[in-house]
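Next come the chains, spelled out residue by residue.
Protein chains: 2
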Amino acid sequence: MENIKLNQLIFNDDGLIPTVVQEKISNEILMVAYSNKQSLELSLNSNKAHFWSRSRNKIWLKGETSGNTLKLFDIYTDCDTDTLIFKVELEGSGACHTGSKSCFFKKLENE
Amino acid sequence: MENIKLNQLIFNDDGLIPTVVQEKISNEILMVAYSNKQSLELSLNSNKAHFWSRSRNKIWLKGETSGNTLKLFDIYTDCDTDTLIFKVELEGSGACHTGSKSCFFKKLENE
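Residue numbers (my numbering), protein chains in the order written: chain A, 995 to 1105; chain B, 995 to 1105.
Since no wrong hints were added, every one of them can be taken at face value.
Pairs count within a copy or across copies, as identical chains cannot be separated in the list.
Result set (DSS-like, lysine-lysine): computed pairs, CA atoms no more than 25 angstroms apart in a straight line:
1) 1101 x 1081
2) 1101 x 1031
3) 1018 x 1101
4) 999 x 1031
5) 1081 x 1018
6) 1100 x 1081
7) 999 x 1095
Rather than coming from a laboratory, the hints here were simulated on the basis of the structure.
Isolated chain A, as found in the complex (with noise of 0.2 angstroms):
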């Protein structure tokens, strides 16, 4: 396992890079938001999941008003260092704002 500094990962036009949250112990992934560099460091640091909201165009700690916050334990990054893997543990009863525990509940249909 290559280590990889936060000055090396390659952000978007927009300063993002795509964050996949997956869960630690079942591998489930749970949601896909988008971080910056400020939201890294704040995840970093307190061991909590912080995005970059677009929708609000804010940082965003991740279960600020639902108290779904997901505990962080690892960062992984790509070949590319252009994408993003949180590994998690869920600390309320889901990740998605649904209800559900992942947002990913829909299946495409083959028409």
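Based on these hints, arrange chain B on the given structure of chain A.
Chain B only, in chain A's frame:
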């Protein structure tokens, strides 16, 4: 599980939708790529993962040169219908162009 049609998906300004590729059995995340409407139709009709290559600016059958194709089982989308998961089985030795099984073999250091 709610069913979604292709025309209900939300593509970004470039006509793309981020696509997390996850091994069906282990739930391991193999890679993250981008789909567009055409690559999704090809994926659904062939049961082989196709993507839009942002670097080569063309449709890309994953494994077309390496032979490391990905057999596609199911496609899930999230509450916002703007991100996909491809549930796949590896048909070759790995998903990453480096030879690794997964592209996510680097770890972000907390400096």
